[in-house]
Structure formats: structure tokens, C-alpha cells
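S.K.: Line by line, the protein sequences are chains A and B.
With my numbering as the guide, the letters of the first sequence map in order to residues 1 to 384.
With my numbering as the guide, the letters of the second sequence map in order to residues 1 to 379.
One or more of the hints may lead you astray.
[As the list claims (entries may be wrong)] Pair ranges (Cβ atoms, derived):
1. A:H326 with B:P338: 46 to 54 Å
2. A:N241 with B:S268: 33 to 41 Å
3. B:L36 with A:E74: 56 to 64 Å
4. A:R252 with B:G278: 41 to 49 Å
5. B:W112 with A:D322: 57 to 65 Å
6. A:P191 with B:W112: 45 to 53 Å
7. A:Q54 with B:V77: 49 to 57 Å
8. B:F170 with A:D322: 30 to 38 Å
9. B:W112 with A:Q98: 40 to 48 Å
Worth flagging that the hints you see were computed from the coordinates, not collected in a lab.
No residue lacks a Cβ here, since even glycine has one placed at the ideal position from N, Cα and C.
In case you want the letters, here they are:
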Amino acid sequence: MAEKEFDTGGFDFSEVEKRLGVTRRTFLTFCAGVAGSLGLSTNSAMAMAKAIAQPKKRPPVIWLHGQECTGPSESLLRSEQPSLEHLILDMISLDYHQTLDAGAGHKVEEIKKKSMEENKGKYLLVVEGAIPVADGGIYCKIAGETMVDLTKEAAEHAAAIVAFGSCAAWGGVQSAAPNPTGAKGTQAVLPGKPVVNIPGCPPNPANFLGTVLYFVTFGKLPPLDEQNRPKWAYGRLIHENCYRRPHFDAGRFATEFGDEGHKKGYCLYKLGCKGPETYNNCPSLEFNNVGGGVWPIGVGHPCFGCSEQGVGFNKPLFSLADVKTHTPPNAFPEIDDRSDASGASTGAVALASAAAGAVAGATLVTARKLNSSDDGSNSDDQNG
Amino acid sequence: MSTHQQTGGRIFTLPFMLLGIVAVIGLYYIVERFVLGMGAVANINGGFPWGIWVVYDVVIGTALACGGYALAFTVYVFNKGKYHPLVRPALLASLLGYALGGFGAIFDMGRWWQFYNILIPGNWNFNSVMLEVGLCVALYIIVLIIEFSPAFLEKIGAKGLLKVLDKVLFFFIALGVLLPTMHQSSLGSLLIAMGYKVDPLWQTMQFQPLLAVVSALIMGYSIVIFEASLSNVRFGGKSETPLLSVLGKVAMGLMIVFVAARIIILVSQGKIGLIFAGDFSSIMFVLEMALFILPALILMSPTSRQNGGLLLIAAVSMLFAGALYRFNAFLFTFDPGPGYAYFPSVSEIMVTLGIIAIEIMAYLVVVKTMPVLHRSEQA
Chain A
1 MAEKEFDTGG FDFSEVEKRL GVTRRTFLTF CAGVAGSLGL STNSAMAMAK AIAQPKKRPP
61 VIWLHGQECT GPSESLLRSE QPSLEHLILD MISLDYHQTL DAGAGHKVEE IKKKSMEENK
121 GKYLLVVEGA IPVADGGIYC KIAGETMVDL TKEAAEHAAA IVAFGSCAAW GGVQSAAPNP
181 TGAKGTQAVL PGKPVVNIPG CPPNPANFLG TVLYFVTFGK LPPLDEQNRP KWAYGRLIHE
241 NCYRRPHFDA GRFATEFGDE GHKKGYCLYK LGCKGPETYN NCPSLEFNNV GGGVWPIGVG
301 HPCFGCSEQG VGFNKPLFSL ADVKTHTPPN AFPEIDDRSD ASGASTGAVA LASAAAGAVA
361 GATLVTARKL NSSDDGSNSD DQNG
Chain B
1 MSTHQQTGGR IFTLPFMLLG IVAVIGLYYI VERFVLGMGA VANINGGFPW GIWVVYDVVI
61 GTALACGGYA LAFTVYVFNK GKYHPLVRPA LLASLLGYAL GGFGAIFDMG RWWQFYNILI
121 PGNWNFNSVM LEVGLCVALY IIVLIIEFSP AFLEKIGAKG LLKVLDKVLF FFIALGVLLP
181 TMHQSSLGSL LIAMGYKVDP LWQTMQFQPL LAVVSALIMG YSIVIFEASL SNVRFGGKSE
241 TPLLSVLGKV AMGLMIVFVA ARIIILVSQG KIGLIFAGDF SSIMFVLEMA LFILPALILM
301 SPTSRQNGGL LLIAAVSMLF AGALYRFNAF LFTFDPGPGY AYFPSVSEIM VTLGIIAIEI
361 MAYLVVVKTM PVLHRSEQA
């Protein structure tokens, strides 16, 4: 199939096969999957495959960590097929990452400063974690400098800035009340700088990979929404593509954990599911490529809105979501009652037959009239 | 000056009043449908969400309104100008048929108040056959209004506007051929989407659009013959049989294509044996085929083609055949699963009959007050 659908144009993938340790088929299928989830064509999938196979100059990446649990990095590293992290780390030159750096201490900080100096205006800045600003930002320090200063310094000459994870995007759990450290998102401390937000707790690595692949392939960022989230991943509410949605529309809800509705897989809205107000692509990509319906709603737990500012960590877990689309009516008509399907009533049959009969009768009468009038007149041709 | 004339005459004749009564009963039930909901009026259910309001008013109704499409095809695509006298009445019937089909779609919609969403491009789902049908039909109604507007403009004497319209009308006529080709074939695609619920004798998968558009053209030609014959008897004037007989010949050709295609498809899909199963589906199939083949046989002979009466009988047989094809596929042999049954209720049928009555009444009023029908000897 892969050979038939892609016109690889005789492109040699043996190099990338060796480098990534996957077969060409797996590799191309993967690229098609990424392109597909971005809503792009198979041609774009091919362009992505080539971009990965023939990396130009690998863009240097500076990866900062603020107040966080390293969840985003963890989810990226733990992703499966065909080793996303391998792919990403292969495409970029990860010059500084506190979790992954082999070295430690001031030596690493020196390397970071050097790389930033050498690649001025060319490096990609990834921020992970919230940035505390209360009391001069003293609540998060790396090598004696505050996170807020480090972020501003790194952002100064970055080619692009990506806020990875809810903490970096809008503050995450640290920013929830009472927020003693004054935790903020990256955009909030970098006013005027374009920051691409990829929220989630942890964010789906596919959303990061898709955005980076798009950037590497086409040299520009994918279309973003008003909160600077890539539209391909955060363009729709979870509610819109949720496979429990038909239950919502039909008024079938689980009202308690373990009740009949819950066992039958009904809609979790009344258990406080925040799907109706959270923008993310979890229903289609699920989570961490595990498959088999593994994501919160898939395993029977209401979505808690981890990626949505003002929802996750802010709204009580079991409070009703603010439904952004249409709310269901209080009562639904019964539409699935098969025994109630009424047969033909005498009156209805009579009426239907009368209508068909009237047409047939009128036709015969008119036909007779037409014949008598045609006989009277000669049928010479009319004007053209 | 125009070669079309209004027929004049009284509007409130006895047949008109009788139609009015039917229309009032239909409107009463439409109001009831909006006040009390669909369940109070219609027999439709979870298995048969589409009753006669969709299958007759929209699916068959728009095919019956294909006269304008068939004639636009003949007159403009094949450059057969001599059919011009038939165009305006056919366009009028198409306009009324489509407009009421569109109205039918609204009162058949469970949540009709969300109808406006189809007009918002951001909400479009390009994988939906229904979207194609909905948008295309809405656009075609506008095109039909423009195509028919010369009759109205002539009446009010807007000569300047007529001249402008004359220059751009070719574009709308081209659309008037394109749009029905699109949505009539999409009505066939709806059956593809229904999958196994459609009886195997009618589920031809990728051939559905072709069969739908060919049957729509057959019905289009038939309805022109039907209308012209009835108008001729009702309003007098010169017989149009010679013109109509050629349309009959075209319809015959299409029917041969249609019947042959059906048989070839059934053979190639290995389903031909189902015709002889003797069950309800096979009987309906044979009946439908008979209604297609009978007019083809009548129209094959040049002498009976020149006979106005036989021509009309053939046309009505084709109309029944085309209608039965759609009824069979969408309703009669449709099998949504065990336990479901559907037959329209009296009130449901009255709504449909009321809509038909309104259509005929509107037609009568317009031909009496606007220059629609052709009058060669008086012009």
C-alpha cells in the first residue's frame, strides 16, 4: 500500500532506515499518520519524510525547565512508535536540557551560554514549566539565576519559542489559587514575543512532534488559534469528536461512578467531564500511543480539562462543564422504541391509494381528451 | 416582444377551491408539527427517520421538478431551440417543486432551529453527502428564480433589467445544468451511505449516483410531457405533441440505458437471482421494471409516439417508475433492523398532499397572471 500511495520518486530511504532502526514502510506509514492528523495530504507526508531523511542543518534547541514535574519531557521520551524522541532528537541539536544533559553544574550552563551566543537568532527555545514572578522570581532558580531572568535572556535571540505543557502555556497547577509563587505562563512573562503553546498535563507528544515536523518541513509554524495553540491539534473541543457524544445528545449520562450508565459507557458530562469546554485532540489521538481507548474519557473518567486555562486545576473536578456547543434539552423524545412502530392505518392506506389513483385516473381522462383534440388538428411542425 | 402570454381567466375556479381545502388541511398539520412536535403528526421512528416528507417531498419531489433541468439540458447543451416554448412552464414547475422540497426539508428536520448552520462555512463538513445536497439545492433554487425571472420582468415591463439579464443568463443556465447533475447524483450517494440497510436489489454502491441522475432526467422529460399535455387540455391552444414526442424518444433512450445498467450491475454483482426470490423486494423490483419497460415499448413505435394520449400514459408510467425506484430504495424495501416498521399516518400524508396542492395552485396562479405559456398562433 505504502508504495502505491506515495510516489517516492525513487527516493532512497536506506539511510534513514539505518539511522532510525525502522523499516521504510513503518517510517512512511508514520509520516502519513502525522500528516493525516495535521490534516495534510500524502504529498505533505512525503515532504515530511524527505525532511526527516535529509536533515539540512539541525536547528539548535535550548530547553528550559521551570516549576514543573518534567511531565512533558517524560511523555515525550516514553512515547512509542517509531520512537518519537529518537526522531525529534535526530532532527534537532539539543544543546541544553537539564534532564537529558550528560554533564552537570556550571559546565553545562557555560555550554548553554556559548550555544546561544553562536546561534543567535537561529535556535529554538522550548520552555517547560511555569515561571514564578512573585518576590522577584526567587522561587525558581537555576545556577543562581531566576527562571524569569533565564527565560527572558534565552527568548531575546530565539528564532521561535514553544511553551510545552500546561505549566509553560498558562501556568498549570502552580498558577492555581492561592498561587503563592506568582507562577505564570511563558507568554505572560514575554509580552510581545510570539510563543507557540502546546498545553496538556502532560501534553500529547504527537502534538509537539506534529508542530515541529511542520516547522522543519515547511519552514513556518502551522496555523495557530487566538491562544497561539496549533489549530490542527487544539481546533476542536474534545466534546466535538468524543465517541461518547451520541450519549450526550440522546440524554444518556453516567451519574455516579459504577452505576448502570457508567458501566454502559454513557456520557460522563454529569460526572464533571470538562470535554465540552476543553480544546484538544485526545478523542482522535488518545494518549501516549498506547492505543485501545487509553485516555481519561476512554477509561471511564471525566476529562478534567488539563490543557485548558481556567479549567484544569481551577474548576472543581466534579462540577459541571460550561458547555460551549449546544446544551441538551431537559427531556428527550423516545426514538428507539421498536415495538411502538405503528403499522398502516386504514385511513392512511385509503388516502395513499386515492392519491395514486387520482393521478392514474386523471391521466387516462386527459389522454382521451388529447387524442380527440389531436385527431381534429393536423400535427404540422411548430415554429422553431 | 415576448412570445409567451398569460392565459388570464378566473383564478378562483372550482378545482382551485378544492385544492385550497387540501392545502388548508396540510397547513393545519404543518402548524401542529411545529407546535406539538414531529411525533404528533408523523409516524417516523428511530429506524425510519426519513418518512414520506423526505422521500416524497424532497427525494422524489426534486426529481419531479427536474423538468427545468432536462429541458435546459436539451435546449442549451444540444442547442435545440425549438423546445423553447416548453422551457418557461417547466422552469416554473421546477422552481415550485424545489422551493417546496426545500421547505419540506425544514419541517422534516427534528431540530429545524439549527438549520442556519448550513449557511455558516465554518460549520461545513465536506465529507457529508447531506451538505452537498443541502447547499446545492439551496443554490439551485436561487438559480431557478433567476432563470424564471424574465417572465416576471416582462410582466412588470422592466426592459432595461431584462436586457442585462439576457447577457448573463447563459451563465445561470449553465449552473442550472451543473447543479442538478451534482445534487441529483448525490441523492443516489445518500443510499451508498445507508449501506446494508438498503435492499441488495437497490444497493448498487458506486453506481447509485449514475442511476439517480439518469432516473432524474427520465422523470424530468416525463414531467414536461405530463405538464404540457395537461396544460394543453386545460388551457387549449395548439397541440405540442410533435415536440413532446421527441422528448419521449430521448426519455426512451435513457430508460433503455437505465434498465440495461440495472440488469448489468445486478449480474456483475452476482445479485440477479434475487429477482426470482419471490419475496416482497423481488415483486417490487419486477413492478418497477415493468413500469420502466412499458413506456419504453410504447415510445419505441413512432406512430404511438405521435399519439398524445399514449405519450401521456407513457410519461405517467415513467413518473411512477422513477418514483417507485426511489420509494423502493429509500422506504419500501429499506430494512433498518428487526422490529421497525413504517407507514405514513393520515396527517403525514395530508401534509404531503397539501404541499402538492399548494404547488399546483401556485402554478395555476402564475400561468394565469404572468407570461409563461407559449401561444404561437396569438403572438
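S.K.: The structure should be examined with respect to each hint, and the outcome stated for every one.
M.R.: We went through each hint and held it up to the structure:
For A:H326 paired with B:P338, a C-beta distance near 32 Å fails the hint of 46 to 54 Å. The hinted range of 33 to 41 Å is satisfied by A:N241 and B:S268, whose Cβ atoms lie roughly 38 Å apart. Look at B:L36 against A:E74: about 58 Å separates their beta carbons, and that is inside 56 to 64 Å. One distance hint, 41 to 49 Å for the beta-carbon pair A:R252 and B:G278, holds here, with the actual separation near 42 Å.
At roughly 26 Å, the beta carbons of B:W112 and A:D322 sit outside the given window of 57 to 65 Å. Remark: the range hint 45 to 53 Å for A:P191 to B:W112 is upheld by a beta-carbon distance near 47 Å. At about 52 Å, the CB distance of A:Q54 to B:V77 agrees with the hint of 49 to 57 Å. Remark: the range hint 30 to 38 Å for B:F170 to A:D322 is contradicted by a beta-carbon distance near 53 Å.
Separated by about 58 Å at the C-beta atoms, B:W112 and A:Q98 break the suggested range of 40 to 48 Å.
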